[in-house]
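Q: So you can see what is in the structure, the chains are spelled out below.
Protein chains: 2
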Amino acid sequence: MALIKKPVTGMKDVLPAEMQLRDYVIGVIKETYARYGFTSIDTPCVESLANLNSKQGGDNEKLIFKIMKRGEKLRLAEAKEENDLTDSGLRYDLTVPLVRFYANHANELPSPFKALQMGYVWRADRPQKGRYRQFMQCDIDILGEPSNLAEIELILATTSTLGKLGFKGFQIRINDRRILKDMAAYAGFSEESYDSVFITVDKMDKIGLEGVEAELIENGYSKESVDKYLGLFKGLEVNKGIEGLKFLAETLGDFLEADAKLNLEEIISSVDANKAAEFEIVFDPTLVRGMSYYTGTIFEIAMPQYGGSCGGGGRYDKMVGKFLGQETPACGFSIGFERIIMIMMDEGFKVPGVADKTAYLIEKGISGQMLSDILGQAQEARKNGEQILVVRMNKNKKFQKQALEEQGYNNFKEFYKNPLN
Amino acid sequence: MALIKKPVTGMKDVLPAEMQLRDYVIGVIKETYARYGFTSIDTPCVESLANLNSKQGGDNEKLIFKIMKRGEKLRLAEAKEENDLTDSGLRYDLTVPLVRFYANHANELPSPFKALQMGYVWRADRPQKGRYRQFMQCDIDILGEPSNLAEIELILATTSTLGKLGFKGFQIRINDRRILKDMAAYAGFSEESYDSVFITVDKMDKIGLEGVEAELIENGYSKESVDKYLGLFKGLEVNKGIEGLKFLAETLGDFLEADAKLNLEEIISSVDANKAAEFEIVFDPTLVRGMSYYTGTIFEIAMPQYGGSCGGGGRYDKMVGKFLGQETPACGFSIGFERIIMIMMDEGFKVPGVADKTAYLIEKGISGQMLSDILGQAQEARKNGEQILVVRMNKNKKFQKQALEEQGYNNFKEFYKNPLN
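Chains as they are written, first to last, in UniProt numbering: chain A, 1 to 421; chain B, 1 to 421.
Hints are supplied without guarantee of correctness; some may be wrong.
What the hints assert, rightly or not - Okay, derived cross-link-like pairs now, PhoX-like style, lysine-lysine, Cα gap no bigger than 20 Å in a straight line:
hint	chain 1	residue 1	chain 2	residue 2
1	B	K12	A	K69
2	A	K30	B	K350
3	B	K5	A	K55
4	A	K69	B	K73
5	B	K246	B	K228
6	A	K80	B	K80
7	B	K181	B	K203
Hints listed in this document are in silico derivations from the structure and should not be mistaken for laboratory results.
Use the sequences and the hints to build the structure in full.
A: Below, the structure written as structure tokens:
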């Protein structure tokens, strides 16, 4: 039989050690968000292509694994193009399914609706180290809360979760799409050019002020606008964090929406006052976040020591309305689950577990009543919360014990057919 | 925008109340099996079609959701048949992936390998009440243990899990494929006819002795063989349980493999002596279990009060060898996760949770420092393990509180902009 032992291209098997960590992290996430009143939901891994292609997914829409129609619906001979053969696919994120879920069940759900969704998503990306075609996403959203109570609670809950997982010294970088726009307007860019300008600003981390300047000029923007724009960022390099907001207020004048400034000030000071983990929250005027659906606050978890972002999110007040036909304010956070797992694995994180893990080594040939009596002991210990593994003794007992120690067994009991052995 | 609110045909959204139960059951399963030394693993939801179609899946192979090739690999114009367009699909069970996983990683895994795998599987079945095209499977397997230590531990762990979930008064029905064959041989059926005969015997529960007799005659078997065969089952109706094994030994003589009889006797007495839940384990000579890969012991969880089986499994000593090229004894149990969830929902099972669930109702317009102070109180309570939901107060406060009570909130705190209110 020609059997393929490897998983399909770009997807991976999860071995016990990693799975134990994944289960632990999932448990901490679920427990922590529950403390904040979030409830878990689940949606099918398969979505209709009509929804997946509704322009909310950006470039991910090009990476869909499509599922073939079946039976009579599959008309191969008549098919002219791919989409004649398929009408569903694997989800590439949890946002489209969440919004569909909310549109489908709004009447049965509390308002605001605080949802936690963890599940696999699939993207036909070119496989590369640490990047898989099937990976876990972890999204936390508040639908129906217009004020920044949503942002504050999302950030407090998420950072509290990270803290419980042992992370510290990270940053929450925060900005507001409205401030990004106000700055561009002040510099004289036209509204149609904002998206293109922001794509360049988004690279500030990598290419620096000079790189951004060069790229904007190269993209054909006037020297005057670029100078004025870059002047703001130079000023913001001196006036860091919350000082930056004051600097913008003074410099931009009426161009700066007072609401947007107040929004960030309130979020930053409330998070700072009430945080339950060691991190700092900073205003970052270069933060853009790729997806076009964001309408207000945007934020990101930055862990520079681990090479970048471990999640992010923001407010997307228009998207649910497009699906539901009724405006619904929304704000969400997506935790970079796979990245966090990778970091914890690399750091050799030890999952807290049962303290007493005992292996019973029983001689080959032990059976019947004798086996039953041994299992009785094991059952008794398990009732008391111990972890008991009952295995046959190998010829090379020393080697076997070493292997079991690597699996975390710290006690051994040996059983022989003839107890005098 | 034409958005589809419903999930795709035959799949379902999971609302918070059900999700809470599912998470709870998953937690109890993972914790209980860990006590028995099982470790969790995970495999991709997508498998190569070559593996899915390797004849281990029986009729499920007809129900595969196939995934279209992408990019250059998809040659629509040249495609003559379905399989020219696809080389992978969604898994229909967890057994094929487990065996592939084991073949791929045998060198990195302990022996015996005690695996727990929970995950979604997909079957393009005709949708019907309580039966979905995406559903959770929960498989527990021991690879590499030839003796009935595997069967006994699997049954003890599984029944202990069911007990912790509140199930009692159920039955574990057990049989051995070898005894089924010995009985058929004694009656004079030819070896080629066994599978067909067992399909009829499998209906004993529904059509009774007379129905089985009629169907066997109708299928062309000799009256002599049918009479002799039915005689055995009549004798077994009088000699129930372990007595049935003695009756078979006396009646079948050399036709009955002594090993098979001893195997069941040992399992039944050891499980009886060490069980950690209220159930009975009984020898059931009519138990067949559909899949052709079983080689020895077979068993099933019977809950007649809930209309049938809630899981089952058995020994399949030949299957891993076919994939790995090296014989590996194997024994597994599959828990009917979705059925168990459905029963617990129907019975109104209350998920044990946080005792103190408090909702803070805050007046609309509370923001800034005042909001921050309230969140400070919430953070303090959460640190102490309480669940705190912070929501805006609605105009109809009474209605809002009722709704929150239904979500399990039993304490309320109200906050007003003007504290004198």
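Q: Could you work out which earlier hints the structure fails to respect and list their numbers in ascending sequence?
A: none
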